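Visitor: Chain by chain, the residues:
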Amino acid sequence: MNQWIPLRWPADWPASALELIKGTPINCLVLGRQEGLAALVQAARGRGLALAGLEGEAPEGVTLIPCAEKSKLNWAAPGAVLAVKDAVWPGIQRGSGAGGGPTGIPWVDSNGWFIQLGQVRAPNKTLWMAVEPPADSALLRATSYELAVADAEAYGARWVVSLDERLRKGLTAGNQEALDTWKKISAALEFFKARRHWNGYQLASVMAVVSDFSGPNEELAGEILNLAARRPLPVLPIVKPGAMAASFAGLKAIIYPDQEPPAEPLRRKLLEFARGGGLLIANSEWKSVEGTLSGLDTYRRLQVRTLGRGRLAVASEEMLDPYAVALDAHLLLSRRHDPVRLFNAGSMNAHYAVSPDRRRAVVHILNYSMRPQGHPVSVSFPARYRAARLWDLSRREAAPLQVFPEPGGTGLQSVRPQAKPPAPRGIELHLPPLQAYAAIELEA
Amino acid sequence: MHSQMTRRELLTGLGAAGLLKAQPSRAAAAPTAPVAVAQCRSYGGELLPALERMFDQLGGLGRMVKNKTVAIKLNLTGSPHYRMGHRPAELAHWTHPAVTAAVSYLMSRAGARRIRLLECCWSTAEPLEEYMIEGGWDPSVMLNAAPNVEFENTNWLGKGKKYSRFMVPGGGYIYKGFDLNHSFEDCDVFCSIAKLKEHATAGITLSMKNCFGNAPATIYGDGAGKDEPSEFPRGGRNMFHRGHRQPSGWTENDPTTSRADGYRVPRIVVDIVAARPIDLAIVEGIESMTVGEGPWIPRVGPISPGLLVAGCNCVTTDAVGAALMGFDPMADRGTAPFERCDNTLRLAEDVGLGTRDLKRIEVLGVPIAKARVPFRAARPA
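Residue numbers (our numbering), protein chains in the order written: chain H, 1 to 444; chain C, 1001 to 1381.
These are calculated hints, taken from the structure and not from any lab test.
Nothing here was measured: the structure is a model prediction, and the numbers come from that model.
One should not assume that every hint holds.
Here are the simulated DSS-like pairs of lysine-lysine, each with C-alpha atoms no more than 30 Å apart in a straight line [to be verified]: (1) C/K1068 - C/K1226; (2) C/K1068 - H/K287; (3) H/K184 - H/K22; (4) H/K252 - C/K1068; (5) H/K252 - H/K287; (6) C/K1068 - C/K1176.
The shape of chain H in the complex, shown without the other chains (with noise of 0.2 Å):
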């Protein structure tokens, strides 16, 4: 079930249709309560195609794969796909304003965050985003479709890819447009296919939040991997119960934004982690008395105390803005940290990951307004890669990439005669115009 990659079938489609899907990489059928539905199973079965049905609209005689809302979902349920109902259409969020000026970052709807939350909860499962596309199919486009794919994949989840009614009629009506969607989504689809082995490298991150993410916590948690991703700033979750046995080594910063304070052990843990010269910042109910009073804040929302060789803070008052809370924890850290820097990357997110050897590395840009910027992005690394390809949706072959030192580093030299040179930093890499997505693959 791991490896099935599934399309919605559209009710209104005869089973004739089932000649589309010849020579995409789609081998799973999601089947709905419809009619005429035996004829179709028994032309899908010859076809060596899997059907299956999502909890709540499931036929008969189907795989039923457990579907919830994010908050409902059972973790623990049997089999190896969950299925996610509220998932949400990757984009600019409407209203947003992507426009051009010196302003803020436009916000954006991605799964990108809940999949990595996902993949820490339930490990052996890969999670299907369930989502159909707006119901206004004039904005749609192919590339709304390849950033769908984009936004599932990239993250390790799939798109369970459903498609709009224009596109259904004019696919059934061999229409060349659709025709031509329709490849490019089978085409993105191959592109994760072919490099499953991305799946199994890890968050770059320095930062985690330790939380149950569950019931009055789980609001907050999520959107602070949420609303971090944005800055960017890759925080990984760490999920309670494992919390104990999971590795804190590699990390500078962990938030802790649960009300009620961890158990015992996990709190000595967390202290820990703090006095080996971590940061550690807690809601209010931490009640530290630990350390001693350093006069930091930001903004007047934390108590900065050190402990050991390192910080904990502690929220003044009870956290509400997840916002305020990644952005604490981004200025308190300090973005001489981030693991990864963009820049005209306004309504792109990116999601870095590397090998377990730490030899190889792939960030994926995934550009939320589907179209390229006014100007073309750079990416700044602080580690030191000797190459870097390009791979987009349409290439068969990657695009060799020219590896550049990071400009505000190596390239300024100290004034002062007696001064130390800044230390030599990263690279750079100089991304040419950008649609929906693309995948830099970087080599130590």
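Please arrange chain C on chain H, whose structure you already have, making use of the hints.
Guide: Just chain C now, with coordinates in the frame of chain H:
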């Protein structure tokens, strides 16, 4: 380009012109001061000696900064994520950190007690150092340039307890005064280090226009409070451009005047500079951009003027800067680069801040004719 003046603006402009005609002696009496010009092709080893020579030509930094606290307003406009193409911001629209570091080093060596680097970081109260890191810089280049360098984000109250009030002598074109971050008051010497570049609204961005960014968004920004400053800054200074609302706790002199940005922005720049005078104006044009002040302006392109300009009078310095860019500082509205705005230099001259008349300005170092790099000729096709 053509002038897009409204009838109201035209009438207002004629009124201002009439005022000027009525006060010819004031422009003629506007003070002058020498301006140093140097050619400098890179931010490497030639930068420090070039600046050193320029300051010597101006009489030496020691007389200006010895035992003094210096505040330096940088030009880090727009979001730190913005770049013109792949060019780092310092090679297009931001004051280059090497220039800031070199000036800080020379000031410290000349006896400055403390050097505080200032900028209103776009729509945020984050520390200036973090803003620089976000832009891809290593602030230690500036921090290590001298033993006494500090940073302050002046877009809000910052490290101060209250805002400092600066009144405009003579009452101001648009505003009677401004409330600014304490750093603009807690200094003996105020220095503006600007980029040599054009400006979509004001024609040119030089040492005076740089000070448009002195105004904190908590009072002059889109999210400013009505009667009291907001706690945190949000958005740009659209009220300066459009005049659609008043700053927190202030009312402008005459809300019936033109709301056009080409009328308002040059006047507000002069008001700010009159209220908080610039003691040392430095314009950095080693690498820059054409057409506008940042990558968000359409059709911008790179230019490498290889120039440094400095002076102790902001109007004479900017007049020389404009001339080096291929513009006539005496140009009036409708003429490049002031096609759709009033000439800030003329407005500043009219209130007696300094002369824009090149015939009255002593240029030290490289003559204008030898150093001129016409920006309009370098615009992308």
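Visitor: List, from low to high, the hint numbers that the structure doesn't satisfy.
Guide: 1, 2 and 4
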